[in-house]
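Peer 1: All chains, full assembly: derive it from the sequences and hints.
Quick mapping for you: the protein sequence lines, in order, are chains A and B. For what it's worth, this note's numbering labels the leading residue of the first sequence as 1, then goes sequentially. For what it's worth, this note's numbering labels the leading residue of the second sequence as 225, then goes sequentially.
Do not take every clue at face value.
Computed beta-carbon distance windows for the label pairs [said to hold, decoys possible]: (1) B/Gln314 to A/Thr108: 53 to 59 angstroms; (2) A/Ala86 to B/Leu292: 18 to 24 angstroms; (3) B/Lys297 to A/Ala191: 49 to 55 angstroms; (4) B/Ala470 to A/Lys174: 26 to 32 angstroms.
Just so you know, the hints here were simulated from the structure itself, not pulled from any lab data. Bear in mind the structure is a predicted one, so any value in this text is a computation, not a measurement. Every residue gets a Cβ at the ideal spot worked out from N, C-alpha and C, and that includes glycine.
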Amino acid sequence: MHRRSSQLTIAVVALILGILVVIQLRSEAGGSALAQLSSQDLTVLVANLNARNDQLRSESSSLQEELATLTANQSRGDVSVDEITADLGRVRAYAGLDPVAGPGVMITVNGPIDGAGVEELFNELRNAGAEAMFIADIRVVTGVVVTGTPGAAQVDGVALTDGFDIDAIGAPDKLTGSLTRSGGVIAQLAATQPDVVVTVTPVDRIEEPATTRTLVPAHGHPRL
Amino acid sequence: MTVMRRIRAIPSWQVTLGVALLALGFLIAAQLASEGPRVRYTTQERTPLVETENELQTQQDGLKAQILDLRAKVQTIETQGEGSADLVRQLNAQLQVARISGGLIALTGTGIVLQLEDSETPVPPDGSESDYLVGSRDIRLVVEQLWGAGAEAIAVNGERITPTSAIIDVGTSLLVNSAYLAPPYQVTALGAPDLYDRLSKAQGFIDFLHARSAGYGIRVSVAEPATVDVPAFVGTVTLRYSRPIASPSGGPSAAPSASPGGG
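Peer 2: Now the structure itself:
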C-alpha cells in the first residue's frame, strides 16, 4: 500500500515535470512575443494592422478588377494595351521611375543637422504615409541614404547646404501632424540637436523628378 | 557513521522523489528567469487585444497570399498577349523592369544575412533596459549602412524594404511596412559578393558595432550563404496623392496652403 502511494506520487511529479518541460521549451522557442507588449503597445499594433489590412484589401480589389478586365479582353480576343499601360504607370510612379506631382509638405531644415537626423525625418514621413520624397534634387528611392556628421550631411555624395528642403507628397495634414506632434521627430531633434530648426509647411502641389538611379539589381534575378 | 547509516536507511522512492522535485524547482526557476529580459504583461484586459491582433495577423497573411496569387494571374494574362504585338511585348518588358525596381518581384542572388539579437548583458541598476534591446534605430541604421555599402535589395524578417517602408518601434518589437516583427531580426541584403567586405569597412557600421555591440552587448552575427532570397513587397502600390507628370517644372509650384507647423 505504502509502495503504491509512493509510485503514485512519483507519477504525479513526473507528469507536472513533463508539462513544465513542454511549456519551457515552447516559451524558449519564441513563444508569443506579444506577451511582452503592454496594452498601449497592443492598441498601436492593432491600429497599424487594421490600416495595413485595409490597404491590402484595397490592393486586392484593384487587382481583382484588373484581372476581370484582362480576362474579359482576352476572351474577346482583345489585347489589353490600356490596362498594361495603366499598370505600368502605377508601378513606375511608385518605384520612383517617373516624375510625380501632388499635395504634401515642404520641410525646411536650418542648422547643422546630421545624416541620422534627416533619416529620422524620412522615416517619420514614410510612417505618416508619404508616397514620394525629394531632397537636394534627388528623388528618395531605395538605396538613397543621407549620411554624415552634424553640418556635413550628404546625400549620394551631394553635400546638403544649410537651409535645405525635403519635399514629400502625401496628405498634408497627416504629414504635418505626424512630424510636429508632441514628442515626435521634430521635438526629439530639438532635444538632441538644439541648433537645428525644422519648419514644416503644407503645400498644395509638389513636383518631384524621377530617380536617375538604376533600380534593377545587377547581382540578383527574379526568383521563380 | 550514524549519518551514513541514516542516509542508507532512506527509501529509494524518497530519493527519486527528491531528485524529481529538485528538477521541478529548477524548471520553475528557469521559466521565471526566461521572462526576465523583456517584461511580460498578463493583465486580463489584454486578452481581447491579443486575440484581435492574432485575428488581424491571420487576415493579413491571407490577404498577402491573395495579392501574390492575383499578381501572378495578372502577369500571366498580360504576357499571354505577348506574341500578338510588339507594343504589348515592349510594355510587358517595361512592366517587368518597373516591378523589379519597385520591389514587387522576389529576387535571389549573392548577398548576406545579418542577425541582430537583444543583449544578454545584465542591465545595470542605473541603466535603461531599452538600450539592451534591438530597436528600430538599430535596424534602420543597419539598413542604411547596407544601402551605403551597395546593397541592391533588402528585407527585414521577410518584409521587403521599399521607398515607402517605415521601421518603427512598438513596445519591444518592431513594425516594418505596418507588419509586426518580433526578435531576433534578420536583415537579408542582396548585393555584390564583396558586400560584407564593404559593409565591415564602412565607418558608420564600425561605429554602430562599437556603440551597440561593444557598448551594450547587442548580438550581431553575419552569414554569407551562396545565395540569398529577398521576398517581394506585398502591399499597395496605388498612390492616392501622387499623379505622374511629364516632367517637373522645378520644386514646389504652389503657395503654402496653410500656416506653417513645426519648429
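Peer 1: If a hint holds in the structure, say so; if it does not, say that too.
Peer 2: Each hint tested on the structure:
1. B/Gln314 to A/Thr108: 53 to 59 angstroms: violated, 42 angstroms
2. A/Ala86 to B/Leu292: 18 to 24 angstroms: Holds - the Cβ-Cβ distance for A/Ala86 and B/Leu292, about 20 angstroms, lies within 18 to 24 angstroms.
3. B/Lys297 to A/Ala191: 49 to 55 angstroms: 51 angstroms Cβ-Cβ, so the 49 to 55 angstroms window holds.
4. B/Ala470 to A/Lys174: 26 to 32 angstroms: Given about 28 angstroms between the Cβ atoms, the range holds.
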